[in-house]
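Visitor: Turn these sequences into a full structure, and let the hints guide you.
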Amino acid sequence: MTARSGRSLRIFFAAAICAAFAASPRAGLAGEEDDLQREIDNQRVSVADLERLDELKATGDEITLLRSWLDEAWSLRSKHEYDQVREVLERTRKQADLIRAKITASKLRAQAATRENALADVRAKIARNKKALAETMKKKKALEGTEKVGDKGSTQ
Amino acid sequence: MNARAMAPRLACALLPALLAACATPPKPKELEAYEMLRTGNNLQEANKKSPDLVASAEKLGEKSREEWQSNDLEDSRRDAIMANIKLKTALALMEQEQLKTKIQTLSADQAKAEEEAADLSEKLANETEKLALLQK
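As given, the protein sequences belong to chains A and B, one line each in that order.
Going by this note's numbering, the letters in the first sequence line up with residues 1 to 156, in that order.
Going by this note's numbering, the letters in the second sequence line up with residues 1 to 136, in that order.
Hints are computed from structural coordinates only; laboratory data are not their basis.
Please note that a few of the clues may not be correct.
Unchecked claim - Taking beta-carbon pairs under 8 Å as the criterion, some of the chain A residues facing chain B (in silico):
| # | residue |
| --- | --- |
| 1 | 91 |
| 2 | 118 |
| 3 | 143 |
| 4 | 145 |
Glycine included, C-beta positions come from ideal geometry on N, C-alpha and C.
Guide: Shown next, in the form of structure tokens:
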């Protein structure tokens with residue numbers, strides 16, 4: 001190897017190391033940005049799932065808020081405010097938990113209302129039958145009374 | 001006009017501005033919403049079901065209040081929102097628990113009522129039959 005080619009090789013390596021050092025924070029930032037974008041996208045997909053899950057439409061306001069915060073996270077990501085994006089994403093994760101809890105509560109509420117109605121129906125049936133039974137007993141007593149009077153009359 | 005005569009006038013002119021600068025800013029609406037939610041609900045019951053959520057909400061609510069008084073309105077707003085979410089979640093979980101208990105009670109009542117209705121139907125059928133025999 002000549003002295004000249006050895007020097008070129010050294011320069012090449014030095015340049016490569018410098019480029020790697022210069023690129024690493026940028027690559028790190030790009031990776032972070034990608035991660036945040038992925039997280040926002042994932043959460044946006046799960047908002048649609050939550051909407052489907054909310055059959056009784058009990059969490060419309062909360063879902064609207066969640067969407068607006070995800071938009072806020074997106075806009076902060078565009079401004080490279082990564083710490084703030086993470087804060088907003090933490091909030092949206094908790095908001096999604098809240099929505100899930102509210103959806104479950106709304107389904108349980110509906111179930112309780114259905115059972116209450118069913119119970120009211122049975123109780124109404126009981127009341128009707130009680131009344132019918134009392135009337136039948138009354139008629140029966142009246143008939144038994146007239147039969148007894150008839151029996152007495154025939155023996156005399 | 002000499003400096004001695006100017007001083008009280010200057011103080012009078014600057015005092016309102018100084019007072020305004022020191023005054024607490026208006027409470028963020030997110031903190032107001034959290035406080036309303038806190039006073040309008042049964043926290044003790046929610047605390048039984050989700051002590052960690054309630055404690056965390058209380059801590060954030062307190063932090064938000066301090067930040068509001070120190071004029072850190074953005075931080076106050078942010079923490080009040082989080083306190084609100086956590087408290088609402090604790091309340092929703094409490095409601096779930098109450099509804100589950102209610103459904104269990106309703107199921108038991110329903111079973112009892114069904115039994116009573118069946119007994120009554122049988123009795124009514126018997127008595128109606130007896131009445132029909134008497135009428136013949």
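Visitor: Decide, hint by hint, whether the structure agrees.
Guide: Status of the hints after comparison with the structure:
Interface restraint check: residue 91 of chain A against chain B, minimum CB-CB distance 6 Å, threshold 8 Å, status holds. Hint status for residue 118 of chain A: holds, given a least beta-carbon distance of 6 Å to chain B, under 8 Å. Hint on residue 143 of chain A holds. Least Cβ distance to chain B is approximately 4 Å, under the 8 Å limit. Because the smallest distance between the Cβ of residue 145 of chain A and any Cβ of chain B comes to about 11 Å, over 8 Å, the interface hint for this residue is violated.
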